[in-house]
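Fit the two chains together into the complex; they arrive one by one in their own frames, and the hints show the way.
Protein chains in written order, with the numbering used here: chain W, 393 to 550; chain C, 1206 to 1824.
In case anyone wonders, no lab produced these hints; they're calculated from the structure. In this text the structure is predicted, and so the values were computed from the model without any measurement. Backbone N, C-alpha and C define an ideal beta-carbon position, used for all residues, glycine too.
Derived contacts from chain W toward chain C, CB cut-off under 7 Å, selection only:
#1 Leu418
#2 Val454
#3 Ala478
#4 Gly520
Here are the computed distance ranges between Cβ atoms for each label pair:
#5 Thr428/W to Glu1208/C: 35 to 41 Å
#6 Glu435/W to Lys1765/C: 44 to 50 Å
#7 Glu445/W to Ile1690/C: 34 to 40 Å
Listing some non-contacts, in silico: residues in chain C with all C-beta distances to chain W over 12 Å:
#8 Arg1212
#9 Ala1220
#10 Ala1304
#11 Thr1497
#12 Lys1538
#13 Glu1634
#14 Ser1644
#15 Asn1697
#16 Gln1804
Now for the letters of each chain:
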Amino acid sequence: MGQDKKTLTPELRAFIAEWKPKPGNLIMVLHRIQQTYGYMPREIILELADLLETPLAKIYGVITFYNFFKLKQPGRNLIQVCLGTACYLKGGDDIMKALEQELGVGVNTVTPDGEFSTEAVRCLGCCGLAPVIVINGEVFGKVTKAALPGILDKFRRK
Amino acid sequence: MSEKLTRERLDALRAQLTAANAKEAKDGKQYLLVCGGTACDSNGGMALYAALRKAAEYAGANVSIVRTGCMGFCERGPIVKVLPSDTFYVDVKPEDAAAIVNEHIVGGQVVTRLLYDKSQAEAGHEGRDIDFYAKQHRIVLRHCGLIDPEKIEDYIAHDGYVGLEKALFEMTPEGIIQEILDSGLRGRGGAGFPTGKKWQFSAAVEADQKYIVCNADEGDPGAYMDRSTLEGDPHAILEAMMIAGRATGATKGFIYIRAEYPLAIKRLQIAIDQARELGLLGCDDILGSGFTFDIELRFGAGAFVCGEETALLASIEGKRGQPTPRPPFPAVKGLWGKPTVINNVETLANVAIIIQKGAKWFSSIGTATSKGTKVFALTGKVKNSGLIEVPMGITLREIIFDIGGGIPNGRKFKAAQTGGPSGGMIPPEYLDMPIDYESLAKIGSIMGSGGLIVMDDTDCIVDVAKFYLEFTVDESCGKCMPCRIGGRALLNTLTRISEGNGEPEDIQKMRDICDAMNRASLCGLGQTASNPVQAMLRYFMDEVMTHITERRCPAGKCKKLVRYRINPDRCVGCTLCARVCPVGAIVGKVREKHAIDQQKCVKCGQCYNTCKLHAIEIA
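Next comes chain C alone, as it looks inside the complex (with noise of 0.2 Å):
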């Protein structure tokens, strides 16, 4: 197929290729995806797609082994769906490749055992009825868990460049743009700027040269649905960027994609050249329409700082990742000065259905201000932690109880935190409140690019505050005062108060700093920086003065403040956390009470995590 690809060619292929998927689901062939996310991987997902498709070979199956992207429920993974009974296989090990084939697709029978719910096997055992898809609504992640991402033909089947060729023949320019606007779709990096706007700015300049970059460069710690995305669905971003070309008069595109994405990067590759190949991709002509576009790779290098649109310019060129004030904002004055649009892999993972199916159908999705999905990386104190992706307006709620199946050990919801480094914790009050960008901006957090950690009564919002901003401390470029001083100087503080330290004064000190950090700081990293800090100031008062003014940590997280006790009703003396204990600091005898030597003990929490009756407190 080395010829280049006109319209009809491409429709005849489509044609062909949804031809024989359909002969073949008329014929029983039977499909065995099996997930081919990172944390599936490397979690023996890779032996377990081998020993599938020997088992399958073995047994002479009439069965097709797909390697897809991620199946977003990671906790339980390596996952294998099987299709057309749409049976979801959970904890898969690769010695059950054998039953798999064997009994479930050669014998029809159900593997009872690898299923999620064992006792859905009378029910009906399909994987929509998993209580952490129910909800779910997935747009973003169409193709993630359905295509096999390193087949171009897979993609076209699945209406792949459907969009482009729409955009490329049947709508102006300006009538991509007014489509975008209209969906009301907004930049799912965190800010939630309207892409459609974006475009316009950009397409409204007169430049030689314009340029298409998409933000991968996610940096959030928690974070990982870009690379899911591009993982499992990389041509649906190569698609977009090439109708954000023809939307804008770009002709030159940039994937800025963090190094330590090797799947990804990967990939993407493989997806950049296959387009070539068929002359989608890098030709004067594509499709015969006139309309030309090529897509490059760049690696990040490990800075926070280069999700900032300015940054991520800067790095593309060479250098050093430092911010630039804007205006100019780069839609007019970017890459090498020329205009650039920057959008995020989320966002531009939505841009080719909008053109497919039309802006009103994805406006009818979500709230009056935020239209579409939200994909979530659901992780912390979890029961089903994951990838996720949900409708805006869902409640918090819904997300951890319903989606994340409620916290696990019988804990106590505590906190969530969105938006990573740059948002805020939200306490238990806000948990039936529907989840937009401006809800949460108004209760001090952001929806950032789609890290939602959760935690439980046992984690100390001193200690995460301080997580967060040695982070963006660590992570901050250095170039402007606020940041640099501003940030290192709240870690002081809360360091100072995490160790018994603190003094009263300090609330009113860090209320003064995260307000000139937010007001001066040059960009979104410095600016949202102190916004952990805020939300403890805000919702955890009492528990920063109980660091204060008793000198405790009330979640024993924090070491230097902690004093474990035995209760002396609970302990029964079965010796467990004497044995445990690494500096001999619990004295007792077998069947009588034990007691902690507070000189000696060292505060390791063995005794704490070991106790199974809950004997020893934190006092």
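With the rest of the complex left out, here is chain W (with noise of 0.2 Å):
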């Protein structure tokens, strides 16, 4: 997957020809792109541009304005480090340091299997858990460096 050159699916066009008339329709069509690849391909907004008729430089200037919208594809699986305050006062950011050691990649960066990619968040409100990490959705609340490999093995592709 993610060889074969992307196309619109016939469910995005659609919705994208419901929102068209709408007007502000741009970041809601966005939304729906990353909620159905993992992040904006760039022959998908090529198309988005044609199909709504707005040029390529406005759609890219929304994009890299939002931290929420991904250039780069995301690993197999994601893992989210809460860097929101009271996470960062109960040790998030040695969390973040310790998932690198382990993973041997920086955040947002792929690991080179492409299981693994870290990202920083800012705050998921589960504050009374913190230190949070987020992994495919799934929330690890009160997080040690010790629990991580354990943590990290649930995901490996066995």
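Here it is, written out as structure tokens:
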């Protein structure tokens, strides 16, 4: 997967057609694209520019402005480390460093085998569980450095 | 129930639901309320809910199991509450489901081991008796943890849409605005602008289209009040937006919500769909009053600056979220150039109940200038972290020590931060000051949206200020120079100080930059971004100067400045520290005093955290 050239799925085309007449549609459409592909593939954005009749520069202007939109494909497992204030005070940055060591790559980089990528996020709203990491949407609270290898193993391809 | 409701039919439905609830209560029906907030959910709450249902079915118990919104006591989640006995269970695991159903629901015996305070078992074990709740006053969170947020019937049965009825049939638009003005409700997003005034401005403008926008782009790291409100009581927001629409003449509403809040988005969409189906929303003749209103969701995409009104509007319009100068204010010229009222979630959550119970009731709570309650996300170095709602005028001491249970691990309170990156640290000498908009502003902080972060003596103020500056520098949209360059310059200076390269002149330099940012930035983000630094310079000068002149970090947080040493009087030679040291920098034999080789030490702090006798000190 990921190798073949991407084109818009019929569902996405229908979604874009539905939203096209509405003012302020761009961000909602981009959300849907990221939901489908996990990031913003360039081929898709080119198609989108045609469909919405919006300049490519404007679309990229919006994508790069917002933290939520990604231009690079994340790893098969996406690890989000919370660096909101509560998690930071309880050692979220140490967890991040330990993860980088464990995986051998820095933040926002995919491991060579494509299995994991790490990103820092600002507050997931489970401050009572600080420090928190999220892997593929699954929340792990009160994480310690010692627990990390065990947590990662759960997600490694067997 | 696809037929559109009229006022009479809504009243009849409410009466019918209330009667059914009363009958169930008379028949001795019990309720198991399971917290379905994000923290509890992700801590095994979902599995717990399923296990409880299974156990209840198996036992054939006469019990109704409800997944509610956040109950607030996140620290000890997942939470289960039993009604009507009001028993409060904490740290409940799915394995405990059978015990709760069989022993408590069927057998009538409280499961003592799951109580918050086991000794309360004899005393009466009521949820209300828990210190965490004793000083709280729940208005905004009135339905959170009580109703099923995915059922409109539950909301209607608990006085839902009563305020809307009153606003539509018994009050004029001017009357509604007057009521909100009289209540003294002020914006809960941070700045505290009177809500009624905002509505008045918009109502006064003639336009063919007006909008109501709910700001649910809760970006303050360490705050989740709005998310919990939306997850626990979505209909209250819809009802309030409709009332605001009726008051100002708007017919369309948008809820601008963070895409990072999937559960809140799901529950809001369910609420909107249910309200539409009943004809409470999205039709021309709501409840037969001739009023029309509809609400749509719009997603944010992770930009803190979009909490600023004008940036938020740009984002809804599908553009980069950059602010524009005010005036014109959005209430006059907002979304697509039309008058737009923007209210924060918590502000709106107060509206329906103010209309229902009246301005007088609301203004009886709080202080002279700040009415009502405030929801805080109490987090950081505090025993009971969680979501709390307290009357305005309460002191920080009551919040942190009575509700929060004090500082864990026997540490000392150092500072509390309100308002997140836009607020300031509050030092211990203001612990007894009543909290309201004015008093917080006076000491250089702000009410903010409700993040309340507690720090203890292991937290370094320079480090915390640096953390917030990193955040605001990252989130600055880059449009205006004072914020873009000033923030970066402040951060560089703080970084230098934290690495032992600070100079005494840096103090004045930082003061000048703070002043410039504060006065010349375009929007609230830049104007307030320097607040943490200003608070640091005002209250924690000693600590800053220690960093600069002695090149030392008293809290031991600034890694480059730390030197660990072993106090020979306390060391018993247990070898624990030597074993955890990753670089073998600690030498010493069993039962003999150990020592740290400073050449080898990488200052990771493992030994410091490991030693149970506190023999390792930060020099």
